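Protein chains: 4
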Amino acid sequence: MSNGFGKLFTITSFGESHGKCVGIIVDGCPAGLPITVEDIQREVNKRKPGASMAATTRVEEDKVEVLSGVFNGKSTGAPVCLLLWNKDIDSSEYERIRFLPRPGHADYTAFMKYGGFNDFRGGGRFSGRITATFVMAGAIAKKVLGLLSIEVLAHTVEIGGIKAKPKEFDEIKHNVDQNPLRCADLEAAKAMSDVIEKVKAEGDSVGGIVEGIALNVPVGLGEPVFDTLDGDLAKALFAIPAVKGVEFGSGFSAAGRRGSENNDPFILRDGKIVTVTNNAGGILGGISNGMPIVVRVVVKPTSSIAKSQETVDLMNMENTTLSVKGRHDICIVPRAVIVVESMMAVTICDFAIRAGLIPRVLK
Amino acid sequence: MSNGFGKLFTITSFGESHGKCVGIIVDGCPAGLPITVEDIQREVNKRKPGASMAATTRVEEDKVEVLSGVFNGKSTGAPVCLLLWNKDIDSSEYERIRFLPRPGHADYTAFMKYGGFNDFRGGGRFSGRITATFVMAGAIAKKVLGLLSIEVLAHTVEIGGIKAKPKEFDEIKHNVDQNPLRCADLEAAKAMSDVIEKVKAEGDSVGGIVEGIALNVPVGLGEPVFDTLDGDLAKALFAIPAVKGVEFGSGFSAAGRRGSENNDPFILRDGKIVTVTNNAGGILGGISNGMPIVVRVVVKPTSSIAKSQETVDLMNMENTTLSVKGRHDICIVPRAVIVVESMMAVTICDFAIRAGLIPRVLK
Amino acid sequence: MSNGFGKLFTITSFGESHGKCVGIIVDGCPAGLPITVEDIQREVNKRKPGASMAATTRVEEDKVEVLSGVFNGKSTGAPVCLLLWNKDIDSSEYERIRFLPRPGHADYTAFMKYGGFNDFRGGGRFSGRITATFVMAGAIAKKVLGLLSIEVLAHTVEIGGIKAKPKEFDEIKHNVDQNPLRCADLEAAKAMSDVIEKVKAEGDSVGGIVEGIALNVPVGLGEPVFDTLDGDLAKALFAIPAVKGVEFGSGFSAAGRRGSENNDPFILRDGKIVTVTNNAGGILGGISNGMPIVVRVVVKPTSSIAKSQETVDLMNMENTTLSVKGRHDICIVPRAVIVVESMMAVTICDFAIRAGLIPRVLK
Amino acid sequence: MSNGFGKLFTITSFGESHGKCVGIIVDGCPAGLPITVEDIQREVNKRKPGASMAATTRVEEDKVEVLSGVFNGKSTGAPVCLLLWNKDIDSSEYERIRFLPRPGHADYTAFMKYGGFNDFRGGGRFSGRITATFVMAGAIAKKVLGLLSIEVLAHTVEIGGIKAKPKEFDEIKHNVDQNPLRCADLEAAKAMSDVIEKVKAEGDSVGGIVEGIALNVPVGLGEPVFDTLDGDLAKALFAIPAVKGVEFGSGFSAAGRRGSENNDPFILRDGKIVTVTNNAGGILGGISNGMPIVVRVVVKPTSSIAKSQETVDLMNMENTTLSVKGRHDICIVPRAVIVVESMMAVTICDFAIRAGLIPRVLK
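Chains as they are written, first to last, in our numbering: chain B, 19 to 381; chain C, 19 to 381; chain P, 19 to 381; chain Z, 19 to 381.
Mixed in with the good hints there might be a few duds.
When chains are identical, the list treats them as one kind, so a pair holds in a single copy or across two.
In silico BS3-like links for lysine-lysine, alpha-carbon gap of 27 Å or less [as the list claims (entries may be wrong)]:
no.	residue 1	residue 2
1	Lys381	Lys38
2	Lys161	Lys185
3	Lys218	Lys381
4	Lys185	Lys38
5	Lys381	Lys191
6	Lys64	Lys191
7	Lys81	Lys38
8	Lys185	Lys81
9	Lys290	Lys325
10	Lys290	Lys381
11	Lys38	Lys105
12	Lys381	Lys343
13	Lys92	Lys216
14	Lys185	Lys325
Worth flagging that the hints you see were computed from the coordinates, not collected in a lab.
Computed from a predicted structure; not experimentally measured.
Full structure from sequences and hints, please.
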């Protein structure tokens, strides 16, 4: 397991879904940053199941605990260890299906890689619950980015085939907290709800797309040729369990475009160089160009479904079927929104520090 | 600049498009691997402009030179430094447009990040020419992967809106070297050629999609939660200049699917556990599941176009227009194919070594 | 702060002396390793103040808690988070001297580096208490090394000018646990005790030297030219607060020797190549040569002394004096022994895994 | 092989003693730094054999070549690849002793680790010649450190039992270039010469000690608890082939000291906080304290000696003897001086950049 990410602003993750806790260490935070439990709790709460129809009914109280690195309300420069104790755990179902790998989940690969020694309960180390720790780290990263007025925001742009209409940043920001689907297009959100309800009735699940935006990112973040801003953002986002694709700006649609359509012309606007369009998603040559960073990730349909599925009994090595019981999100997309936001914040924060833009000590 | 990639099998890149050379250091290659200049040259040649209509007419002779790490025809365990001397260079055009950033290129971000000290000639450090060094590293990685019978293959699946029909692996392998577009669907390849010719006449360019496949990857490669196989593959692929998106398996199409469609059921086949479908692209929970790794990258249309584009004169800070002259690929996709293949090979090789599957010394 | 160490077997440290806890994450442990709290507790107990005269009277109960990575008594392959909750804390003295940096301590450098935001209580992040977490990590590393029959052992060889006579490995192993000074030469141990008692009466402190030995290390560990076995061992050992020097084999005495004296001749013994002497301390060219790894570290006299010392009042920027009150080790050397052993074990374990000698899954 | 060092200012080494070349890539140099071949050549020349009696008669012309990263006389922000082509090579002697590992050298460990595939000629990758590349990297690091007025200087303090008397920094600086032994105590230098001559006549070799000093290092460099300034300096210095020990400040002599002697009292001097003594060698808690960094390394006697030595014939697995012929330094210490200086510069430079003290672009 390689559970660390980042170069100067680093995160190290630990914990399992049904173990004692999940936690994360944030190292490299500048000293003197005001950090309260509430700051972090507020972010973690955004990951809570918001819509009863879309999300698991597991009640995660998830009270954030700060174990180190904060003193008198401020970061000390030492590693900040953040913890969520696990509660409300019923592992009996997982005992039952221990040797029946759920299609779409990491059960099979984890079993094989760790020789069956992995903690399989609730997906163990591969549970979506791990992403709650990403959100804690993201809460700190966002506070650091606030020093540069960088704002990171994610929202749902597609669920179950329903696409949201494009909205302005301010509208997205306003609307995203207003509905459980975290979609800025409220009409689309309604349609998405309908799809989810329908899918739920079928014992099935749906996927979707989350878009992340970072505003006010200064020109120059990213360290080509390998530690590119897009490359590291992608790596960070693929750490989110259900993500199967990442694209920037015009992304995959660029395949069908002409250069003259896809290139973003430079112009002077109010004495500042900007691009007329933002097909590059704010990144050229692996380096931020001052325009909004725009990234989209596809979140596959939740793997846990009530419908019967084929699988193999690993103990007896024979074909069998499986129906996953218990409380599961029909659609994980809305809860992934804050996670995408958090991983973007962590990554951009690391690059900002590498670029020397964040003082090591805040006054 | 952060020009290193990998943990145990690492590559370190250097050089500029119009400088003395471009090169790469491959560190962590097991000792005793037969390596000839020809092995590497053969791969580098695949990146050569193949179709006069699609590609630059710059004649890159590109004779591979091995500076270190190989002795008596075999790797020594020491770092292998591989070099291509630059020739056939005319930088005059770049002097002319030095302060006129080409839309879509890294000219502007490089200028800003490096304060104008960057070598701007031919895109300097941000030139596609740097990817020739990736191919040299890939040549060695492929030889290492051959020890595990892992085969990596990439091919063109879309150009200018023309999509190739799906083909079997063997057909892809056979066809990809048969046509300059590196497309396994020969009919589609013809249509792609037509598009490119048309676009060329318009002074424009087109993008496309490359698919990479890795066969025989054993179950268990990938180090979650951050050093996932998909995450590191994505990071590696975003190091290729024109790549703007990466997806695995069903990728972005999963957004519109149901879990019951997208999950890959497990079954026993010839006593081996396989999945019926491969929507996961061979990766579950960041770990290879034994099925083929399938990744697609979108390659944006070549940024250099003859058509006039808006830009800003950085010296005089005024709006102006620019027409990029010189020899440029109308479509970079066919030449990106071997680069995708190479970066996949490098990444998978690193994971195989981390997993302890490759002996440090070969007999 | 950069609180991670290692490449495949990594440790990440967190916590402060007077905060909630001190802890460490061990990542990269093979799956299937039996790990009990008792295994780790036993090692941590060795760091306990053993001799009332030499050591602090702070009673560290230090009950080890395993937060993650162990399931059904065995490692899972996931990161193992180990914790010691802080108890018996009286920080009042530290409030008093908050702006009076204690000579020899990190108070001044921490204050300057972190702008006074550092947790100064008990030395905070720079306390010797942090090394208790190294011992927890070492406990796991030792279990892993046991798979290769590698044995790591440290002992006191000098305190306050008293030098221990050289002893055979078995005698060291037998004696080291028999006396609070962890010295294999029991006569010398007695003399050391006398010195410590005398020094204590003077309100002063003494330093000494710890020697670490690793037996059965196979030939070939170490990754030159930078990740050498000696280089990484040294780096690991300098993480122990009071260490000011590290030497291997004949070490600094080699400065006065001839090559013919210092070179270790190779001979065949029982069909195996060994060296007649071991002036190299088991390392040639940064790589283990199969002989015992022998390293010595100098531990400076405890910085906290009752005697009055000059310092500067950081608040008022004026010269003043300071007498450090409270419970402090007169000589930290005996307690450093297990820490040296632990950091050696962690480092060698990482190299053994890098060398592919440890399977990822244990049967 | 792990041939990279550093986090933001990194060096990557390649090449062999009798291969085509030795080289190094310096990545992370700020853009806009004036760099000439002469700057680097001047440093490399300091490593030249200076005293015919002490040093090899191999004539290393060693003309520095800059392959990348410098444009119009200034660094571009891209990796700087520096090369020395190998000349004047006679490998015949090495063919003769290919299977006769020279005591004290890495022949045996390299043979075992790389299965005999290593380039054994001239010690190959383990040759002292590799350190010439460290000097090239050091030349750039020193220029960067010059921006902060940090000065790094090393000198010989002991050879063959002859100890130099302590001198002031300015005298050291003046004298070190005045004599081939690079010793600031000119009388001691004379005595050292005599020892070397005597030892040469005996067909033997001698070791010694080099001291490195860094002035004007600001308070706050070093990233505890693992990436300490002393820990990383030690790791860097152990990359120098013959180094067997590293100590800071009072170093190993602290073992016999009292705390009241060894602690450095703080006082105000000219409104600045300094320490009265510098037993800490400028480092407290892994962080620079503003006093001179003082480190000493022991350099073992040259392993290659004319005297007959016992070894094992690896082909026939039988005991035999060996006399190393050819041109070898009787004492490597004087040539190690510039290498110590260079590795110190590289390490401190990395920490200064991590601390955000060096702008990414120089005006």
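Structure-based check of all given hints:
1. Proximity of Lys381 and Lys38 under a CA criterion of 27 Å is satisfied inter-copy only: 26 Å between copies versus 37 Å inside one chain copy.
2. Proximity of Lys161 to Lys185 under the C-alpha cut-off of 27 Å is restricted to the intra-copy arrangement: shortest distance 25 Å within a copy versus 50 Å between copies.
3. In this assembly of identical chains, the alpha carbons of Lys218 and Lys381 never lie at most 27 Å apart, being 52 Å within a copy and 42 Å across copies at closest.
4. Within a single copy, Lys185 and Lys38 get their C-alpha atoms no closer than 42 Å, and across copies no closer than 46 Å, so neither meets the 27 Å cut-off.
5. In this homomeric assembly, Lys381 and Lys191 never come within 27 Å of each other (Cα to Cα): the closest approach is 30 Å inside a single copy and 40 Å across copies.
6. In this assembly of identical chains, the alpha carbons of Lys64 and Lys191 lie at most 27 Å apart only when taken from the same copy (14 Å versus 48 Å across copies).
7. In the homo-oligomer, the alpha carbons of Lys81 and Lys38 lie at most 27 Å apart both inside one protomer (13 Å) and across protomers (16 Å), since each shortest distance falls under that limit.
8. In this assembly of identical chains, Lys185 and Lys81 lie within 27 Å of each other by CA distance neither inside one copy nor across copies; the values are 34 Å within and 52 Å between.
9. When the C-alpha separation of Lys290 and Lys325 is checked against a cutoff of 27 Å, the pair qualifies only between copies, where the shortest distance is 25 Å, while the shortest distance within a copy is 56 Å.
10. Only between protomers do Lys290 and Lys381 lie at most 27 Å apart by alpha-carbon distance; the minimum there is 21 Å, versus 30 Å within a single protomer.
11. Within a single copy, Lys38 and Lys105 get their C-alpha atoms as close as 8 Å, and across copies as close as 21 Å, so both meet the 27 Å cut-off.
12. With identical chains, the CA atoms of Lys381 and Lys343 are never at most 27 Å apart, being 53 Å at best within one copy and 32 Å at best between copies.
13. For the homomeric pair Lys92 and Lys216, neither the shortest alpha-carbon distance inside one copy (48 Å) nor that between copies (43 Å) is at most 27 Å.
14. In this assembly of identical chains, the alpha carbons of Lys185 and Lys325 never lie at most 27 Å apart, being 36 Å within a copy and 31 Å across copies at closest.
The structure is inconsistent with the numbered hints 3, 4, 5, 8, 12, 13, 14, although it conforms to all the rest.
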